Structure formats: C-alpha cells, structure tokens
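Starting from the known structure of chain G, fit chains X, D and S onto it as the hints suggest.
Number of protein chains: 4
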Amino acid sequence: MPKKIRLGILGGGGDSLIGVLHRVASHINDNYQITGAVFNPDFKENIGFAEEIDVPTNRIYKDFDTFIEEEMKLPKEERIQVCSVLTPNFLHFPMAKKLLDNGFHVICEKPMTTTLDEAKILQEAHQKAGTIFALTHTYTGYPMVRQMREMIKAGALGKIHKIDARYYQGWINPIIHDKAQRSTVWRLDPKKAGISSCMGDIGVHAFNLIEYTTGLEIKSLLCDFNYLYEDNQMDVDGTVLIRMSDYVKGVIRGSQVATGEENGLAISIYGEKAAFRWEQERPNFLYKMSDTEPTQIYKPGHAYNSELSLDGTKLPAGHPEGIFDSMANIYLGVAKAIRGEAYNDGEYPTMHDGVRGMNFIEATVASHKGGNVWVDME
Amino acid sequence: MPKKIRLGILGGGGDSLIGVLHRVASHINDNYQITGAVFNPDFKENIGFAEEIDVPTNRIYKDFDTFIEEEMKLPKEERIQVCSVLTPNFLHFPMAKKLLDNGFHVICEKPMTTTLDEAKILQEAHQKAGTIFALTHTYTGYPMVRQMREMIKAGALGKIHKIDARYYQGWINPIIHDKAQRSTVWRLDPKKAGISSCMGDIGVHAFNLIEYTTGLEIKSLLCDFNYLYEDNQMDVDGTVLIRMSDYVKGVIRGSQVATGEENGLAISIYGEKAAFRWEQERPNFLYKMSDTEPTQIYKPGHAYNSELSLDGTKLPAGHPEGIFDSMANIYLGVAKAIRGEAYNDGEYPTMHDGVRGMNFIEATVASHKGGNVWVDME
Amino acid sequence: MPKKIRLGILGGGGDSLIGVLHRVASHINDNYQITGAVFNPDFKENIGFAEEIDVPTNRIYKDFDTFIEEEMKLPKEERIQVCSVLTPNFLHFPMAKKLLDNGFHVICEKPMTTTLDEAKILQEAHQKAGTIFALTHTYTGYPMVRQMREMIKAGALGKIHKIDARYYQGWINPIIHDKAQRSTVWRLDPKKAGISSCMGDIGVHAFNLIEYTTGLEIKSLLCDFNYLYEDNQMDVDGTVLIRMSDYVKGVIRGSQVATGEENGLAISIYGEKAAFRWEQERPNFLYKMSDTEPTQIYKPGHAYNSELSLDGTKLPAGHPEGIFDSMANIYLGVAKAIRGEAYNDGEYPTMHDGVRGMNFIEATVASHKGGNVWVDME
Amino acid sequence: MPKKIRLGILGGGGDSLIGVLHRVASHINDNYQITGAVFNPDFKENIGFAEEIDVPTNRIYKDFDTFIEEEMKLPKEERIQVCSVLTPNFLHFPMAKKLLDNGFHVICEKPMTTTLDEAKILQEAHQKAGTIFALTHTYTGYPMVRQMREMIKAGALGKIHKIDARYYQGWINPIIHDKAQRSTVWRLDPKKAGISSCMGDIGVHAFNLIEYTTGLEIKSLLCDFNYLYEDNQMDVDGTVLIRMSDYVKGVIRGSQVATGEENGLAISIYGEKAAFRWEQERPNFLYKMSDTEPTQIYKPGHAYNSELSLDGTKLPAGHPEGIFDSMANIYLGVAKAIRGEAYNDGEYPTMHDGVRGMNFIEATVASHKGGNVWVDME
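Residue numbers (my numbering), protein chains in the order written: chain G, 1 to 378; chain X, 1 to 378; chain D, 1 to 378; chain S, 1 to 378.
Please keep in mind that the hints were generated in silico from the structure rather than gathered at the bench.
Keep in mind the model is a prediction, meaning the values are calculated, not measured.
One copy or any two copies: either way a pair holds, since identical chains are not told apart in the list.
Simulated pairs of lysine-lysine, DSS-like, Cα-Cα distance not exceeding 27 Å: (1) Lys120 - Lys192; (2) Lys159 - Lys369; (3) Lys153 - Lys336; (4) Lys4 - Lys62; (5) Lys62 - Lys192; (6) Lys44 - Lys3; (7) Lys369 - Lys110; (8) Lys159 - Lys299; (9) Lys120 - Lys110; (10) Lys336 - Lys299; (11) Lys97 - Lys336; (12) Lys120 - Lys336.
Next comes chain G alone, as it looks inside the complex (with noise of 0.2 Å):
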C-alpha cells in the first residue's frame, strides 16, 4: 500500500455529523492523512477541536485565504493534495474554485454550487485545472448501486423504457406545519436556502441515481411543487415528469413531508430484458425482475458481482456494513469505561460473558458426545 494521501478539510468540526462522516470514510480504507484544515471560523475553536481529534495543530489555519497562502508556500511532496469543503453551501463554490484554481484536488459536499451558472465556471476551471474533482453523491458508493450500473452497462435490463425514483421524507413536518416556525426556519428562507428546498435538496440524489445507474441523460422535465401553505415559499414536496427521449419517460418523486418515511430514496429501472429495484434503507438487497424468471436477489460480497462492487465491500457476505459502526459502538462504552466516564451497563461485553461462552460451548459438547442428555451450566 503507497503513503497516504495528504487531506485538508474545510469545515466540519465541532459536531459537525457531515465532519464525522468524512472523517471516518477518509480512514476506513487507510488511504488519507488529515494534514490540515479550517475547521472553524473561529481560529481558538479550530484548535481546540484539531487537538482533540489528534490532528497536528501547525497545519490549522485561522482562514480558508491563510490555507492557501500557506499550503502553496510548501514544496509540492509535502502540500495538502486533496481538500474536503464541508463548509455551508455557498461557500461550495468559492472554495472550490480558487482549491482548483491552485492545482489541489477536491472532495466538495453537496450542492456542488447555488447556481447553475456557477457550476458552469466551476467546470471550466476544473478543466484548466486537470486535477480531480468529486462530488459526494454518497448513495452512489452502495455496492448494489454500483452493481446496477455495470450490470447495465453490460446490458443486462436491454432497452430501458420506464425510470420511476423516489426521494421521501417526512422530518420537514412539524416545521411546515407549524406557522411560526415555517415563518422564521432558515431552510424554509429562499435567501438563505437557494431556489429550492425538496428537489434541491434530496430530489437531485433521485435524479443522480438515475444518471448515475442508467447512463442516460434526462433531456426535458415539467414538475409540480406542493408549497402546502401560501404563506411558505419553498417547495416541500413535488413530482417530476422526465423525458430521455420520446419513447422512454419516467417519473422523480421527491417529499420531506412524507409522513413517517425517513430516507426513502429508491430506484425502478424498467428495460425490455428485466428490471432493477433498490431501496436505500435496505442496501444490500437488490431486486433483478423479469416478466418470465424468477426475480432475483443479488447481495454485496458475492463473486457474482462486479469489479465494481466487490471494489466497495470490505466484509463477507452477509455482513451488514453497518457492522463496523456496531463495533465502533464498543470501543465507545470501552473508552468510557477507561475515562472513568459515566456508561450504561450493557455498552460492552465483559469477562462474564466470556466465561459464559465457554461454558456453553463445552456444555454443548458434553451433551451431544454423552448421547443428547442434558448438561447443567455453572
């Protein structure tokens, strides 16, 4: 395995949940370093916080013009390579350009600009600039995501001709239906929350995914927004009509009051040959359908999978990748423990429950070898 990779990060800190989760995705496959960062405007915070996650504190910097400043000052084999922006959305932009702009890669956290104008300028500085951009569509790293695409690609669906996805929520509803707090919430601001709540903010994942499985580009699009209240300015729900072209047409469905679902985002692909079904929720499970087979199951790990696929899945089959946050949760009743913190009981396994485990296991032997008799515990 090669050195890692020099990361700078923009934001995120504090308890920042976008921060944590760029943070654990950078260690997962042990391929990043966090060498700097602005965590926070406030430069006695952005310490604080650098030291308590053990990041080195001579590399924070009290601003994102300081980091630059900075970062070019040092020869090229020791600058930040990579720079996460997990910054508020219309700073996405700025910083992102002017990282391009200085030859340094990034990571930028969606929306990827405010407008579509400055998305235009972005791309063309990406392209001045020749390093790699990404954009943390983060659904699109599911290994069953992943799997549809190649699984299309190599034509497995033949000609599509039906995209029905879905994106519904429903956390937005005591906010919206709630005067004063629909009145006064920054989301519901159009000032401060661009053109678009429902489709700017989770309807463009449904419409990713889409782009992102099938390949195709949707050409045209009518849409109806439901503001719910006339006093409410910004779309909490709507219905996109999609056109790819004459013949093949599809549906985006997008809600954040969709009372009770929590991260509904889901896809039906329809082709000639089969279908594909995958629901976020459950991210193992993806569904091939036929008119005439029996619809199938294909999971992540299997050697039935592609290149692709099996790239994003660190775990045997079967093994819900959650399963690293489970032991994560361990180690945080151990470290707990260890500080003297306060913890509940049940937040690890202990000594007890080994000496149990053993007890059983040799009670199961004792019975099965003794002819199936029973065998008292200790």
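Chains X, D and S only, in chain G's frame:
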C-alpha cells in the same frame, strides 16, 4: 472531548479483515490513537504495515513480550492504555492474561479462550487487575439490540417464557462436501480449531445474544450436533434445547451448512405481554409483537428509543449506518484517481454530475413557476 | 340466515377467469343461488356450460333480450333479483341500463361504460330505478383497504396532504415490443379497446382506491402517457399529477410495461398526524407510519380492526384468505382421483400421511415423557 | 367438464369455520355438488341449516348411521360418492372407517384419528376398500408448496442435509396465563383433547410439510415440551430434534404461546446444491437460495412452475389467491343491500365510483393529448 486513548494492537496486520474492523471502529468516534503494535510475527512485515497505515514505527515491537517489556518502562501517562488482541485463537488467553497482569485494559476478540478452565483463570486475573476487559461480541453494539435489552429490562415483554435464537451460515458447504478439503482444512481439525466448530464459532453468539438481551441465564442444555460425514470430527450444524427454568425454555440453532444463508443471526423472545424479533441482516428493524395490538417496528435514531440505544446511533433515522462505508468507497475512488491508479468509471461522482444536478434543480423550479410546462435540460 | 338471493349471470362462460371469480365469490358467504344466465352467445355452449356447473337449464336463455323478457313474466318472488354483467366491455352499458330500467339489481364488471357520457346516462337510469348497483372494484373488498378507509374517516391521519398511488404491471411487454403483435392485437386497437389502455384498465383502479380510502375527490389532473413506439396509439404507461386542492396533491403512476411487475397496485397516504402504506400483493399487511412513533403493522381479523374490516374476514388472524384456494386444490385432486383422471402424486394428502402424523404425535409424547430420549418412528 | 361429484358432509353446520372452508373449497373448481349431509346432531337445526345454504333437504339425515343406511339403498349412480368428515376429533375414526367399509371415498379433517392404533386400523380398512381417502393437510394445496416438492424431486437442492420447520402461534396465551381458564378449558384437558395440544394440533402440520416436500421420512426424534405451569398437563410449546439418517438432521419447533405470532408455519430445507424457504403467511413467495447465486423468488402462475403447482393456480401471477375473498366481500355487501339489511358505507363500489372512473380516464386522455395540460374533473 478529552485526549485520545492510547491503543495497542496485537495481530490484525496485512489483509486481516478483523484488523480493518477494529481499526475503523476505533476511529469512528475519535476516541483512540493507535500508539503501538505487534501487527505481525515477522518484524519486517510488521514495520512495513505500520508505515502503510501511518502508525509511527517507534513503538512497533518485534514480539508480544517485547511489547510488554518496553511499554512497562514508559511512564504511565505515555504508556499504551488498552490493547486489542486480534491474534489466532490460542493466543487470546496468554496475551490477555499477561496484559491484565501488567495493568492494561484489554479488548479481546472472540473466543476469549480455548477452554472454560482458561476462561476462569482469566476471570481471576481480571478481578485482580481491576482494569477494563471487553470481549467483542460485535452485534451487542447494534442500536436495536440495545433497545431490546433496555425495553425488556423495563418490563415491555412481561415474564419471558420462550426464546428462539438462530445463527445459520452456509459458507462451510464447499469445504465439507469435498473429502480432500474437509480432511485437511485447519478449521475442521480439532487440534487446531478447538472442540467445536459451529457452536464454538457462531452458536456462542446466539447464546450471548440471549443472555445479553433478556438478562436471563441458561441453566441447562441438551445438544445434538451434525457432522455430515463419518470422517469429519467437528460439528458443522447443531440444535440446542435450553432451559432457563422448568417453565422457561427455548432453542438455539446453529449451522455452517445452511445453504445460501449468509450471516443469519436472529432472535425471537416471547413474553406474557409481548415479543421481540430481530435479524442481523436487517439490523435497523426491531419488531415488537403482541397478541392484541398491531406489530410495531422500532428503528434507530428516534426519540422513542432508550439512551443505551441512542448512544450507538451516529446519524439521523433512516440512514443505515453502512452509509459510512458508502462514503468511504467514494474516498477510495478519489484516492485511486489521485495516485493515478487504475479505477473504474463510476467510482466517484464528478464535476459533470454536479453541473447536471444544478441544471436539474433550476429546471424543476422553472417548470413549476412557468405553470408546469416542459423545460429542456441543457 | 335468510333464503339465498336469486342471481343471474351474463357472460363468464367456458374458461372465463372473470366467470370463475364471480361464481366463487357468490358462493363464499352462502348468499346467492345462480338461477338463470346467458353464459355464452352460442345457445348450445350456453346450455352445455350450465350443465357442467350444475345450474338448472330451464332459465338459461338464448340471449339477453330473451332473458329480460322471460324473467319479467315471472312473479317477483321467483324472478332473478340481481344480475352480474361479465360480458365484453362495450356491452356493460346497454345491458346494465336495460337491467336497471326493468328493476333488477346489478353487479357490473369494470369499466362500467366506455365513455363518461354513457356513465352519466346510466347514473340517471340508476337514480330512477332505485335498485342496487355495484361496480366490482375488487380490491375495495380487502379487509385492510377497508380498515384504511375507516381509520382515515376516524381521523387517524389528520389532514391528508399527499397521496401516491401506483399500479404497475409488465404483461404487455412481449406484445408491445413485437411490431407484428402490437399492430394486430385488439387490446392496442382504439376502435376495440377504447380510448385508453393503461389508464383505462388499471390506472382507474388506483384512482378509485384513492377516492375510496381517503374520501377526497381529485379536482384536476395533468397526465403524460408513454406509447413506447411511434406506430402504437394506445398508452401502455403514464404518470398523472393530481390535485385535490391547491395544497393537497399527489401522483398516480400506471404501467403495463413495468418489466417483472405482476399486479403492483399500491398506495401511500400521508397526513399531518400519520400515514398509511398498503400493497395488493401482500394484502394482509397495512403499515401505519408516523414521524415520532414506531411503524405499526395492522393485520386482518384482529379485534382492533373496524367493523367494516372485520366483516370481510372469514378466518382467524394469520390465515391468509387464500387458504380457501389451498383447500380447493386438495378437493380438486380428490375429484380427479374419484373420476379416475390422471393426477400428480402430491395432489392430496393420503392415508399414509395420516398414519405418519399419528406416529409423530405419539413419538413426541413418548420422547418427552421418557425424559427427552430418542424415539424411533415406525 | 364432467358431471359434478356427489358430496356428502358430516358436521360443519351453523357457524363452523371448517364447514365454510370445505364448502367454499368444494365450489371453487365447480367439481362438487353437496347432495346429502348430517350437518348437526340436532335434526331440526340440521334441516334448518340445509335450507339456509340451499341444499335440498331430502337427503339430510338425522344421524350418521341413517346416512349410511339410506345412501346404501340408493343405486350407485345416485349414491353420494365422497363424504367430508368435519365432526369433532374423536368421531373422525369411527365415521371414516364405516364410510370406507361401505365403499365411500373420504375427505377427512385432521387429526385423522386420536391414536396411532386407530390410524393403523383405518389404514387397513382403506386398503380393503380401495377407495380414495384424503386428509386435509390444507397447506399442501398451496402452489408454492407444491412447487418445492416438484423441484426437490427433480433434484434442485441436491442431497438434503438439514431441515428446519416451525409452527408458531400465540393464541393460547390468554388462556394459559389465567389459572381459572387453563384448569377448565377442554383444549387443555387430556381426556377431551387427546395426548398433545401443541404437537398434536400444529406440530404435526410442520412434520407433514417436511415429509410432503422432501419425500424424506423422519426415522427418530427427541422431544422437549413446555407446559408453562405446573398444574397444566398439556404441551403448549415444544421442540423436536429429528433425524432422517445419521447425517441428515433437523428440528421441528411448535408453539401456541409464541406471543404475537398468528399462524407462523414456515420451513427451510437445505441441500448440497441449494435451499428453499417458505412461509405460510406470505404463501406466494418461495425463496430458492444458494451459496453462489443470487436468491430467487418463485411466485405462482408463471410458466417456469411445475405442472403440479400450476394446476393449483387459478389466476394470473400477482393476483394473491385471496382475491376471491375480496370479491366475495363485495358480493356480501350487495346481498345486505338487496335484503335491506344494515350495511356500512363502503361495502361495495357504487354508481358514483363508476362515473368518477370514466371521468378520470377521459381526463387523462384529454390532458395528455392537450400537451400535458391541467384538466379539471367534473
């Protein structure tokens, strides 16, 4: 957040899956720093691996005895605090014991020891040491397993009268059905793999899950193994009748020849008032059943969950925890691209995806505001 | 139980599936007696079919006009009371109208008419007649569909703000993709099959399901069809944006080219307080979702269900209603055996099964009472 | 289709569920005509019930002996051919025996007899008689159960090495946990209910399902019951270890105290090449699993199914067979309306639904043809 805990690692070098799992888990909550290790019995490989994963090599030791000797020379505030034991099974006992005897905290892989006698000796050493000892029964880290435990403790099921736990895998099929393989593979050699294959390796997880979630202790058991072939000496399948008392009974079913099963750990717990059902392959869904009410599906991250459960949830409801891995796969693609390694098209979302996304969002707004008209994408 | 109702049947002879469905349905609750019929336009086949299914032939008429003429001569207490119209679509309107005009009750297959104008004329005739008219939107008979309706009426969802209904099938794929077939099949000929294929045949079921369960009326709609080929004039796929009011919206999706989908009728109804999800292919499972509580699964036959739902449940909870069919298959096997027809081994359980079963039961008791010992079966 | 078979019925009068089930099943394929019966030991109720369900009363007999005596006087071509025995369990044996001795075909409810000795006597009587004898292990009529049997016979699983069957219900919970009830209810009185409750009533179904689908015979078993209370003498839960041979083993699990389980019959069959999983509560889904291929979902009505399976499918794929019941519920609503009985709004679709439906269809066409414009409904 306090300073990171100094973590030592024994074993888990090279391609070891268990090594990846423990390293990632230790990173996820920013609590641990890998400070020293014996990754590999070969010192050169040991150092090489440390360099690959950017662990400083100054405390990479040539063997376990040196590890102990050198660490003990360090002042307590620099010394490794906790050590993860990931070596082959027969080494768990001597290593864990020596670590405890020298005052280290221990995170030990399963099985804790190879015999009950060893387990008892270790238990005594642990009592003397007074340090933390954790056995990695990983699934007890799942938020919904913890939720079961807390709700049962709070009386949600009433008196429990029946328990049914299962751990079915099929991976040993290609080995067991091939005479040459089954005669030679170390896993089916009692001298190398211990007294039990199926019950020792996976049945014990089902056993632990019962005791962890219910707080009940199994008092006696009756077991029947299946060896499948006369020339095989290790159980590859078995059923265990269990009794918690004269009128509280159950069954543990284990198999490594359950064709097509991947990692089928599941438990059903029936009480006077209600019952729970949980399956490891869909770890975010916990079913609470009753004779008179609709079945309820509990999911992680909701306010209705217990503190123990919520503590193990890092993301909002509906995000399967495996999303970390999905994001990690994108980081992996970027790493390959930066290093100029070969990678598949589709390993990370690109600038093109970003421009298309902005185009989509603006088109939806234009269509809706234009009175639900068709809008072409660029 | 009162005397059976005299039922007449128009159409549905020979191998007609719809004929089987109506005959079986009329038998299930012991309410109807088939008293007269025109099963078939060919009188000889008509009589022959009546004999086959043991309907007395004295009131099997040569055509519909004779049916009306002769029945009207009978005294009211002998006359057919209700007539099921199972003829080809274009005959529904004239037959239903004449039946109503003559004072019969009517059970009419779908579509009720071929145009809205006819529908209005029929409505007027029905108002004059004052008899019962039922349209067989079959799925409104499912216990859990009825449960949705009653709970919504009782306010379980609060104000509804979003509805998403789908009816996806794939059966037309082999026809539509074959130029010869799609040019000649009557179902894609507007002259024979009416103005719409997908929406007329199945979209209308999704439409009806929305209005039946929610009590809301769709005020306006916007629709996009897909014909798939330039030379095809009938919609085989389409999406309909619907508005119940300015702020209550939804979508109806229909397809006959959704590859691999069988009979995928489904509905999600989102309200301020909670939501429902139901799918026709798993008709016994009704999901009630909320943003703050665990999802609940309602099932038929429980005391927690409404009267309207319970009325449609004939068996205890957990018995899928299809168990009637399962038992019917055993009766079918016995019938073949009695008649000396060829039948497959396994079409009905035999004496051998009975003896084995008693052996099993006695052996289990002997094993348990003997102290959990092995008992051989005979 | 040949003339209907003359069917006699013993028991099953009044509100008897088993009576409904057998009557409906006998109607479904138009093969049987109920010709004579002793529905009820009380002659007046017997006649009354026959009138209610429109069975001619001339062959409704006062008791079973008269039934035999009178039918035997009739010429063979008029005599009842087959008789369904639906009486209380202890009468199955004497009635079935006398029927066989007199040359009748018999359809007998489960349990066939109350002891193995009786079963053997009956078996002998059957061999002498040479007529048809069918035991209604109802679930063997499910299309996907039949499909399992045929595929196993054809070698789809290879050599079977492990079987796991379960029948879990929870209905006895409210009885068993109430001391007064459990001491007095006939079902827990060995004198009235026989030697076994859980195994005798439902465990035997799981047993039969194993032998029916696999063609294997269980050679020996070891069983552990749970009585739950010291003062209860009948098993309400139990686990049975089974051996088909020294290296083919399995387990049967039965319970009537599995809280919240409804009718949880399920089976998993593991072979060298593949495995099957099927559950009675989702009877249309049969899972075929393998260690190396994607899991396949077989469903009824497809051409890929065996003849034995297809023979038991009356409707196109995707129509759960329970659709008969759904249609029957609509017929029930109409019957109530015709008779002027009270009924709930929503028991059958009305003229209004028909008009709305035509309005919907025409509006979709107008919207699409108008260029995807909004169209108001009337």
